[in-house]
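J.: Sequence:
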Amino acid sequence: MVRPESPAKTLCLEAGMLLRRTWTLRRRYCTAPLLLIGIAACLLYQMLMVDRTPYKTDGPSPQERNRSGINLLDPEKLVSALDAFQDDKVSSKHRMGVAILLTGQLVPTATEVQLYQRVLQQHSYWVDQARYAETSSAVRQDKKDGSGWNLLVCLRGSERGCLRKISFSSLHANQRVNIIPALVEAFSEVGGVCRFQTDRRLAGLNIPIIPSACTEEGPKLKSNSLTGPDWHPSIHPQLSSANQHAVAMVNVYVLVSSVRPLSAFLHHTGLVRSRGDRYSRVSELQLFFLERLGAADSRQALAQMRRVVSDVLLAATLTNVGSSRHSCKLCFQWLTFTLSFNASLSAVVVKVQTDLDFQGLRDQGFDGQIRKEFILEDGLHFLFETHRMQENALQLVEPVQADLRQQYGGCEWTNSLCLPPDDLMLLIQFQHQLKRTGPFEVLHPLQASSASSPLHLLHLHRLQLQENSGKESEMFSLFQRLLKYHQKAMMQSTESPKSSAGLGSGQDSQDPSGGEGRCVDPHLRQLYTDPPLVLSPQFDPWVKEYRAEVPFDMVMVRVRPEPVSQFCHVHLDEQRGPRIVNYPVGLGNSRINILVLDESEAEPVVMTIYTLHIFRENRPSLPMFADYVMCGFVQDCGLVVRPDQPCGLEPLRGVRSSGESQAADRPTCSSGDMPGRWVVPCLSCSDNRTCDWREVAWRPDSCYHPVLDQPQLQQCMMDRKVLFLGDSTNRGMMYYLMERVNGTLQDWDKAHDTVLYHDLNRGHTPFSYSYYPQFWLEPSRRPTFHRALEQLIQRSRPLVNSPHTVLVVGGVQWLNTNHIRTVQQVLERENLQDIMVVVKSLGMGFHLAVDGIRSLSLARVQELDHVNRDVLTEAKHAGYEVVDTFSITMGRYKEYLQGRCACHYHEVAKPAFSAPQHSVLQILRKDGDSGSRSGTGTGDHPDLQDPRWTPSNTTYHVRGPVNQVYSQILLSRLCARHRGNRTTRHS
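First residue of the sequence shown? That's 1 in our numbering, and the numbers climb one at a time after it.
Be careful, since some hints might not be right.
Derived Cβ-Cβ restraints for the label pairs, each shown as a range [said to hold, decoys possible]:
#: 1; residue 1: F625; residue 2: P798; range: 40 to 46 Å
#: 2; residue 1: E617; residue 2: Q105; range: 24 to 30 Å
#: 3; residue 1: P773; residue 2: E617; range: 30 to 36 Å
#: 4; residue 1: G852; residue 2: D759; range: 36 to 42 Å
#: 5; residue 1: E291; residue 2: R156; range: 30 to 36 Å
#: 6; residue 1: F625; residue 2: R281; range: 51 to 57 Å
Treat the hints as calculated values from the structure; they're not laboratory data. Source: prediction; values computed, not measured. A virtual CB, placed ideally from N, CA and C, is assigned to each residue, including glycine.
Let's have the full structure, built from the sequences with the hints guiding it.
T.: Shown next, in the form of structure tokens:
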């Protein structure tokens, strides 16, 4: 008597025939791993003969087990079968997935867009970008067989279009979207209440969420109390703890990877704020509760937090079970739950958002975006590590099922079921996620022992309903068995438990490369800037040099590089430099070096250097037209240093619009601090964008500063010795004078000690310079101003006690009246009281909030203006010459060049052209023609070029129009007694 074959056996026989046919072509078309996977697929389908009877929490009866042939599933065999699809060699012609990235409100260069593109490419996706679903040709021309695209990512601003254009119920088994409509709908607002809370099926259930949690603004929380407005103390029992005063707000981040059945994972990182804290901070949740409550109560608080979030999430999904629009098995959704803990640590959800939200951080725009991308990257790897395995399974399963449909009209038999492809792919994903949780932990499904709340009992009851046809209950049973298997394996494991990586890529506490804490992967995962810079080329961890251009008004950029490995350390500009920095961006080129170091040894080792070049444009300028007016300004309205004076452009009275100078009617300035203003031709003084800023010039109000041509200048400086004592701003003036007097600048450096120059003006005009103050030394080791001046005098001897010896003293902001008196005392003691002394006053700088250096408030800057006036008064009272650099830099404080202090208005570099850019004061020739040049354009007017300035005799050039102005005034004061009747320049 022939015994009839069981359906499972028939299935395997049919699958075996397919495999035998494949074996005959193995040498030409397939590999051994493919055959192994085929055998695994056969075993998997034999095991997936799941009982179709209504779900019961106690499992099937003995009679039912006998009918089904297989006792639901053996978890070990199921895990082995699912893991078989992990072999990357299954398909020699692996298909690339197609991902559509809808950027919405984000620009293509945004770091979040780059993150998605980089990670998806790592997981074998080809990425196509568009702004919205309505404008994406790939979305509009979607093929019903799923070959058009595999993944659709809808970023900020594109979600509504995705919900309108995508038919979620018609998606193919291998298609997924980063939106679950069921959850978006459930957590939407209806009359100030979460939509799911209005469902009658939840009536009488005590759901731990306040009614207004789904409103856009969220609950109105009191500033002195972190508890929400609606409290339900009976929701959870009070903790048996002495720490009853602890009150906190906690943001937890949940990744829902499927709805039917529900699977959700909690990220180990949260946003926490305790009572008394003004801002939230990012912390590992377990560590936060452990520090606040101790070991015992922290475990209870974490369990309660999980239960609250799980209950709310389960309540939201229970009200959407009847909607066919929510049948996308592989769609996923990020959620942010904000929980409030009262004094007894009873928790309630006060806000739910369908995105990752970091509101509450001190800098939620910049820092919040970085934290968001850390968690996003964790989630993307967590979701898409199974992409190849799922594609492998799909390629194997679909032909087998097609053959079964042809032979038997389907793959379902009485009391048994073979899983459809989307369920199989979901099982593969869930199995892999349980095996490699990384920085995530399972939030749902709960263990059977924990699923005792009314909501979970309601959920189990729904699974028994006839309308579910047993499918969801069977998948839920498989999920629970997989979870139980992995939890049991974890408990039996003798390995040390993994610690959460918190922010980052979910790495273990030890280096996965075996480096034991060493920096073995010295690369950056991303280079963050605020405001966001458009890098060229686009950031890539393997590219080490980048360039970016920024507009004139961007005076500062925040730079924060993030390394790939948590064992690598990043510093900016130097080995002990800051990790995050607000960097002032000077006009022209600025360079930022990013050092990736290994600090595992006593002496840090630089492993990699990235370089960021930032080019800041000059002020936007229109060419000067015939119909223009002359405008003047004392100070910029962006920094009002003198409240009693106007700011911004004003029409100049007494200056004709033709640009002809009135200098012939003005006397020579008797001092270097005569009041003045910047003048510029504009089409309208009410709009600075209509000005020709290449023609801006400094103009004293009632006089002019004559400037000699170079032969007169060399004669003026003949046999004079010039001593400079001050900081880098003083040094910038010195180099400009050296270039003007000598005709060339053959040598220069950023001297921070004493240097002597003997070969200027054919050896007839020696210069000496000494840096003060030496701020980098310990206060006890710094030379005093008195000592620094004495040393400079001794190094510069022999000196004559006459105006042929010149001392130029000054700096950016350290000079005060005491220094003037010290100069008098030292010179009298050294018998040099008759030499010429020029005091360079204070200057603008340190007005930006730069990390690592002092930053001046507006009130402090205004105070400096008063100090500057006192210095000028004291210097003139002592009979010294002065140059008021503060008034000159005040109006153009944004036009500093490279340097963290934002105080350098000069730069020494090899010139792109050789013409001198020193004609920044208005010009008057004997024939009465006038004009001006600022030195910020592409070149000087041919009539103003000196034939001595040629490429052959110029090595370096001092650039910077603001520095040139006050340096010209210094030369004017030095040569006041040496002017002849030659052509002069003046303002």
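J.: Is the distance from the Cβ of E291 to the Cβ of R156 consistent with 30 to 36 Å?
T.: The hinted range 30 to 36 Å holds for E291 and R156, with Cβ atoms some 34 Å apart.
J.: Assuming the hint says 40 to 46 Å, is it satisfied by the Cβ distance from F625 to P798 or not?
T.: Roughly 57 Å apart at Cβ, these two residues miss the hinted range, so it is violated.
J.: Falls inside 36 to 42 Å, the C-beta gap from G852 to D759?
T.: About 38 Å separates the Cβ atoms of G852 and D759, which means 36 to 42 Å holds.
J.: Using the C-beta atoms of P773 and E617, is the stated range 30 to 36 Å upheld?
T.: Hint holds: Cβ distance 34 Å, inside 30 to 36 Å.
J.: Does the hinted range 24 to 30 Å hold for E617 and Q105 at CB?
T.: holds (26 Å)
J.: Okay, F625 versus R281 on CB: inside 51 to 57 Å?
T.: holds (56 Å)
The earlier numbered hint that this structure contradicts is number 1, and it is the only one.
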